[in-house]
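There are 4 protein chains.
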Amino acid sequence: MTSSRIRQALASALDPDLGTVDGLSWLNRAIVGIIVLSLLLVILETEPLVYAAHERLFTLLELMILTIFMGEYAARLWVCVENPRFSSRLAYARRPMAVLDLVVIVTMAVSLVGFEGALLRLLRLARLLRVAKLGRFAEAFRTIGEAVGARRYELLVSLAVAGGLLLVSASALYLIEGGRQQEAFGSIPRAMWWSVATLTTVGYGDVVPATPLGKVFATLTAITGVGLIAMPAGILASAFSDAMQRKREKDREEDRDGV
Amino acid sequence: MTSSRIRQALASALDPDLGTVDGLSWLNRAIVGIIVLSLLLVILETEPLVYAAHERLFTLLELMILTIFMGEYAARLWVCVENPRFSSRLAYARRPMAVLDLVVIVTMAVSLVGFEGALLRLLRLARLLRVAKLGRFAEAFRTIGEAVGARRYELLVSLAVAGGLLLVSASALYLIEGGRQQEAFGSIPRAMWWSVATLTTVGYGDVVPATPLGKVFATLTAITGVGLIAMPAGILASAFSDAMQRKREKDREEDRDGV
Amino acid sequence: MTSSRIRQALASALDPDLGTVDGLSWLNRAIVGIIVLSLLLVILETEPLVYAAHERLFTLLELMILTIFMGEYAARLWVCVENPRFSSRLAYARRPMAVLDLVVIVTMAVSLVGFEGALLRLLRLARLLRVAKLGRFAEAFRTIGEAVGARRYELLVSLAVAGGLLLVSASALYLIEGGRQQEAFGSIPRAMWWSVATLTTVGYGDVVPATPLGKVFATLTAITGVGLIAMPAGILASAFSDAMQRKREKDREEDRDGV
Amino acid sequence: MTSSRIRQALASALDPDLGTVDGLSWLNRAIVGIIVLSLLLVILETEPLVYAAHERLFTLLELMILTIFMGEYAARLWVCVENPRFSSRLAYARRPMAVLDLVVIVTMAVSLVGFEGALLRLLRLARLLRVAKLGRFAEAFRTIGEAVGARRYELLVSLAVAGGLLLVSASALYLIEGGRQQEAFGSIPRAMWWSVATLTTVGYGDVVPATPLGKVFATLTAITGVGLIAMPAGILASAFSDAMQRKREKDREEDRDGV
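Chains as they are written, first to last, in this note's numbering: chain Y, 330 to 588; chain D, 330 to 588; chain S, 330 to 588; chain Z, 330 to 588.
Just chain Y, same shape as in the assembly (with noise of 0.2 Å):
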């Protein structure tokens, strides 16, 4: 097998722009894997009764995905001119996604050499970047986008709702309880905390008004809360079953086409 040969083969595997198959090629799913494995290596070496333990084994493996990402960069930044749409190895390099390949090998490195202190808390946690390598093969996530993206708008008036009944119900349990709980209701923004974890009705519990006056209030938050999650429930639900009708309007039309 030629170069030239070996380098059409590994473009096909690396570039879904070239593969033939339908959704991911057994390479690039092999680097899914790859990436998704060393996403949990950097969440479990943050818990140090892990890292405590097996410190040398996490700098191996460390290592060793660094070199297999050196190593995809290397085979990308090879194979792309494969593909037509780049004219040159640097137009392929300038692009995000081949930047941020280097930026992720380069944070792995300087992690790798070692820090003191709290840079290199900062550094470590910065090698959580690798998650965006992801989205190079995340054609889904643009479909749901797109759904959720056409209801932009009625999306961000319900968050403007939702805005104003945090403003309404914080200021009241700031009058009302303001002065017996100081810490909890004592101002606004701190009135606001409790009002969140109602408006949403996730419920902490943590603080809670105490006057029989601050509870009816809360009722009315809480009511007015489960319509608030209502909302953005009805409008995502419309706009899938939107997306999903007009999906299937256009592949009829394909289907008729075709005949």
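It should be emphasised that the hints constitute simulated quantities derived from the structure, not laboratory data. A portion of the hints provided could be inaccurate.
Same chains, same label: a pair holds when it works inside one copy or across any pair of copies.
[To be verified] Here are the simulated lysine to aspartate or glutamate pairs, DMTMM-like style, with alpha carbons at most 25 Å apart:
| id | residue 1 | residue 2 |
| --- | --- | --- |
| 1 | Lys-544 | Glu-376 |
| 2 | Lys-544 | Glu-411 |
| 3 | Lys-579 | Glu-475 |
| 4 | Lys-462 | Glu-475 |
| 5 | Lys-462 | Glu-411 |
| 6 | Lys-462 | Glu-376 |
| 7 | Lys-544 | Glu-512 |
| 8 | Lys-579 | Glu-411 |
| 9 | Lys-579 | Glu-384 |
Chain Y is fixed; fit chains D, S and Z onto it per the hints.
Coordinates of chains D, S and Z only, in the frame set by chain Y:
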């Protein structure tokens, strides 16, 4: 530029009826921004930790915003005659939004002059009224409001169902737990606090039933609560779906008529 | 005005079948108002702080409402013969709503005469039965009830799915946390209290898993719970959407037939 | 009645494929009832307060149910040859449901013989397996399962979005609150417990952020959580709506073809 030309230009920038651009003009966008900023100011001012350290800054900013609002009021009064809907400046000044603008200016001025004690606190909070000034720009709320309003009846019925369930579950827990937990379930109104938290799935957890029978009824209440939340979600989802379909049909008819 | 004319007028005000106005007549509106007020009375009476201070007022108001309800019963019995559906006064008196009216009057009278101890407490609460009197006026509930009833089957299945998940998650936490938290997870029925709170997303927080493995299963339970809540919401949303479409189609057909 | 007639009658009562009635036959209804009752038995047995007082009763009932299940197994094996789908008794006995029946009988018998310690506890719980026997009768689950399965892809994507948000919010709170609340936010896995509770709006409240910045991020997490819950609700709502429409269209076509 003559004075009448300036008035005309200002009118088209201030009055959405006369504007030629879609959406809000740059001037109205700036006013919306100032209203939102001044809301944040009122909210932050209630927080003693912030206010104590920056008392003078707050007074200064409030004074600036008062000046801007007075300027806006004067400008709107000056240009209103450009809009054929208003026969005279008095006709404009009597409209609810114009009265509101004046009330906001008065509450700001009075609370800057300063009072002592509880009256001041209430006056300060009255400045939150400025949020209503945003109503002038919020055509979006009308669309959502209409969709919700069209199902006013169903939403009211589901509220009535919720009220009935609240009564039944509060009565049950009053009977079952009333003897053991006097403070939390000693009367139906007291038991309602728990019932609301459970039916809305907020679940603060500050009061929970202690007996097995109480927990059985709490389980029933929680499951019913989930169904209760599903009802307005279902109603609103179909409301939005219908509103969108109606709008699309209307758009199509307009397209056909346009040809 | 002769006696038969008065009876006719009263019948059309009391009996929705004979009324000429849309919705409720002024008389039935007043009766609904009195029923709601009398409900509030029963609820407030259970609160010792309120009842102790106003015992005589409560007795007086209850006596007044008893008189009104007796008057209503007598009036309905007198005018029922105007409605051709009832062959005789006895036929009316045997109907469930008429029997309910009588039962409500008897429970009110008996609890006013007064008993001692637990029996009285139960009798007092029996007066909450008057809420069922509202059933006469609530045509709306039927529409909602039908929409829900049409999906009875799907809702039952989603309840069965919920039951299965409840069993699985309670068993898992009984196995994992049973040894450590005897009181909260020491048996499957005990673990179910936590499972219900989590699956319905109420989340009281009075009991939470303590071990990492318990938390992993709790996470799975919570995420499944979100899906579980989404199911009835989805079912009800499509039920309402269908019911509305059917109604609209029916309305259009009636319009066409009317032309 | 000859033996072959009895077998035929029993087959049509036991095997839904051969039955002439819609829904479940009286015999299968009874079997469903016994399975549900025996499940309750296993559940209650784990509760020490109940088991200690009625140990012999539990053993007796378990013995009775074992006898019934053995009889059911023998009967199904005897009549299976009436169904043309099974070439021989062995072909039936190899099917998953028949194997499950046998496994249930074995676990029951073994746990009645009795073992000591942890093994017994696990064996006892293995008897929960009998819930799977209900699978034979649950055609309904298939319909719901299909509706959900048709949106498998969208639901997976929304799960992936949820995972991403979980990672982001847990990392943010680990950075912000990790220093102050070592136990609750000292690592990303620890912070995830709080994140799950907030994103699903369960909100136990056993851990809550303490700093203002942590509360701001918690607010964002809670609001995002509401949107996250709305997504599967929307997807399922349109899935059910579509499934119903498809079913209705199919019914209409069948009606037309029938004429």
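So which hints don't hold here, by number, going up? 2, 8 and 9
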